[in-house]
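**Student:** Sequence:
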Amino acid sequence: MTRDHILSQREEYNEQAEKLIHNMKDIIVETEDLKTVLELINSIRKLGLTLHFEKEVKGALGRISCSNFYNNKSPVIGKDLYLTSIYFRLLRQHGYQVSQDIFRSFNMDKNVVRQKIAPADTKVMLELLEASYLAIEGEDILDEAKAFAEENLKITAISSNLDNNKYVSKLVAHALELPSHWRVPWFDVKWQTKAYDIEKDMHMNSTTTILVNLAKLNFNMVQATLQKDLRELSSWWKNLGLSENLNFARDRLVESFMCTVGLAFQPQYKCLRKWLTKVVIFILIIDDVYDLYGSLEELRQFTNAVDRWDFRETEQLPECMKICFQALYQTTCQTADEIETKNGCKLVLPHLQKVWADFCKSLLMEAEWYNRGYIPSLEEYLSNACISSSGPMLLLHSYFAITRDAPVEEMSDFLNKNQDLVYHISLVIRLCNDIGTSAAEQERGDAASSILCYMQEMKVSEEVAREHIRGMINKTWKKINKKCFSLSQLPTTSTSDISSFINITLNTARVAHSLYQSGDAFSAQETDNKTQILSLLVEPLISQ
Numbered sequence: 001m002t003r004d005h006i007l008s009q010r011e012e013y014n015e016q017a018e019k020l021i022h023n024m025k026d027i028i029v030e031t032e033d034l035k036t037v038l039e040l041i042n043s044i045r046k047l048g049l050t051l052h053f054e055k056e057v058k059g060a061l062g063r064i065s066c067s068n069f070y071n072n073k074s075p076v077i078g079k080d081l082y083l084t085s086i087y088f089r090l091l092r093q094h095g096y097q098v099s100q101d102i103f104r105s106f107n108m109d110k111n112v113v114r115q116k117i118a119p120a121d122t123k124v125m126l127e128l129l130e131a132s133y134l135a136i137e138g139e140d141i142l143d144e145a146k147a148f149a150e151e152n153l154k155i156t157a158i159s160s161n162l163d164n165n166k167y168v169s170k171l172v173a174h175a176l177e178l179p180s181h182w183r184v185p186w187f188d189v190k191w192q193t194k195a196y197d198i199e200k201d202m203h204m205n206s207t208t209t210i211l212v213n214l215a216k217l218n219f220n221m222v223q224a225t226l227q228k229d230l231r232e233l234s235s236w237w238k239n240l241g242l243s244e245n246l247n248f249a250r251d252r253l254v255e256s257f258m259c260t261v262g263l264a265f266q267p268q269y270k271c272l273r274k275w276l277t278k279v280v281i282f283i284l285i286i287d288d289v290y291d292l293y294g295s296l297e298e299l300r301q302f303t304n305a306v307d308r309w310d311f312r313e314t315e316q317l318p319e320c321m322k323i324c325f326q327a328l329y330q331t332t333c334q335t336a337d338e339i340e341t342k343n344g345c346k347l348v349l350p351h352l353q354k355v356w357a358d359f360c361k362s363l364l365m366e367a368e369w370y371n372r373g374y375i376p377s378l379e380e381y382l383s384n385a386c387i388s389s390s391g392p393m394l395l396l397h398s399y400f401a402i403t404r405d406a407p408v409e410e411m412s413d414f415l416n417k418n419q420d421l422v423y424h425i426s427l428v429i430r431l432c433n434d435i436g437t438s439a440a441e442q443e444r445g446d447a448a449s450s451i452l453c454y455m456q457e458m459k460v461s462e463e464v465a466r467e468h469i470r471g472m473i474n475k476t477w478k479k480i481n482k483k484c485f486s487l488s489q490l491p492t493t494s495t496s497d498i499s500s501f502i503n504i505t506l507n508t509a510r511v512a513h514s515l516y517q518s519g520d521a522f523s524a525q526e527t528d529n530k531t532q533i534l535s536l537l538v539e540p541l542i543s544q
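The numbering of the sequence shown is UniProt numbering, which starts it at 1 and goes up by one.
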């Protein structure tokens, strides 16, 4: 395929997409029916098209919220469970304050609900389940709704399998495997587009047809942009030469890049993806230095070198550890310079250096525990593991990357004031990692995990410990929800886009669910992970 042909095809995609976007904007603005508007916005989110309709979606949700549908003008909210569920979820996802009380009439008596709502009403149960994951702590009605929806969907899954209804079975299995609120939105777009394609053929809906066609064009255009980004990063990685000098460390450029795509796939975040890909690569390499290569004394020297940001501290280290520090030093300095130039801020480097020092200190602590054969309490383990999870590192780089023309002290102060959010995102990363990797790590005799710490501390079986950790993940997400709802009330300024930071922050936790769903995507290069990489970065969405 020639370069001219590729450019011609891209121009054709752009023309087709612009026409469909224009048509869709008119539909959103002109539609007054509540059900139609909610389903439109719901579809736009699932198909990864929010970027093209931000103004129209914001306007529509503003009208819905200000019209006070629940109290006065819409008899369906609070009575129609399907619409109430979508209404609640979409408004909460966009930062509006919505009370769980709109579900009270459904959940006052679960036996009554069962009589009113048939378990086979899959559409209702799917939306109710998804809404329940937007809960915060103390919202018992939503906890009941979640249990009720899960129970009914499990019954539906069995009956749809018996009836050979493969479409319904796939929808239910997808929702029960992982809720959409915990999924990386862009990673789910292809699956959702194919599902909508089937629904379109079943119901012949013209609006759905427009959305599906636009989703396919949009996916392919984004994929072409990401392929270009990856080629540039591949050139950087090859020139760096670390894979030849550190043959014990993981070589995971593509997987690292995939993580950053999960955080922010949109074209305007090209620099963010570039910077974070380099960060993730070094997180993996340094983790391998501490886990697989260095002696305890060498690791202490390496930690001192990063803490003092001084080459002289590496003089007694093996050559490969010197090379590693030099590469980290040069890449971090370059990233700091680029952030300062692009975003108009100063003194970024000391903050980047500090998170690397904190990360190395946490890895050293784990190495010392392992060397002593020490298994800490769960609380002690997590206080350190939330730093070694790399969450603080990723969120600091992300916030610096998207904040413009602000004093670096102001940016650092914002993160310090929101340490609870940083901690809880990091906690989800660590707990998902432990759920996915602890069995293999125990087999290898690696350092303690949250599961092993809880087993030891509480004298329980591995399965009981795993169930406890799953419960912790669920509770932590409720805390994340509450904090993000609170942050969404802050105004967006010329320097700081709170909405973008919230989305990137949530996606940081979601990427952890994706990475460790079927094991460890970084260590084992699982078949599922390879399939996802091919699907997102190589194989286009073909029109049927």
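If you're looking for bench data, these hints aren't it; they were derived computationally from the structure.
Hints may be right or wrong, so weigh each one.
[Claimed, not checked] Here are the simulated lysine-lysine pairs, DSS-like style, with alpha carbons at most 30 Å apart:
id	residue 1	residue 2
1	K58	K417
2	K123	K35
3	K417	K479
4	K270	K25
5	K354	K342
6	K166	K46
7	K123	K25
8	K55	K483
9	K55	K354
10	K170	K194
11	K58	K79
12	K478	K170
13	K475	K79
14	K154	K361
15	K479	K459
**Student:** Look at each hint and say if it fits the structure.
**Tutor:** We went through each hint and held it up to the structure:
1. K58 / K417: 28 Å, holds
2. K123 / K35: At roughly 14 Å apart (the allowed maximum being 30 Å), K35 and K123 satisfy the hint.
3. K417 / K479: The hint holds at about 16 Å.
4. K270 / K25: 26 Å, holds
5. K354 / K342: 21 Å, holds
6. K166 / K46: The hint holds at about 20 Å.
7. K123 / K25: Distance of about 26 Å is within 30 Å: holds.
8. K55 / K483: Judged against 30 Å, a Cα distance of about 24 Å means the pair holds.
9. K55 / K354: 39 Å, violated
10. K170 / K194: 11 Å, holds
11. K58 / K79: Holds, because 25 Å separates the two Cα atoms, which is no more than 30 Å.
12. K478 / K170: Judged against 30 Å, a Cα distance of about 27 Å means the pair holds.
13. K475 / K79: With Cα atoms ~29 Å apart, K475 and K79 stay inside 30 Å; holds.
14. K154 / K361: Violated, at roughly 45 Å.
15. K479 / K459: Within the cut-off at roughly 28 Å; holds.
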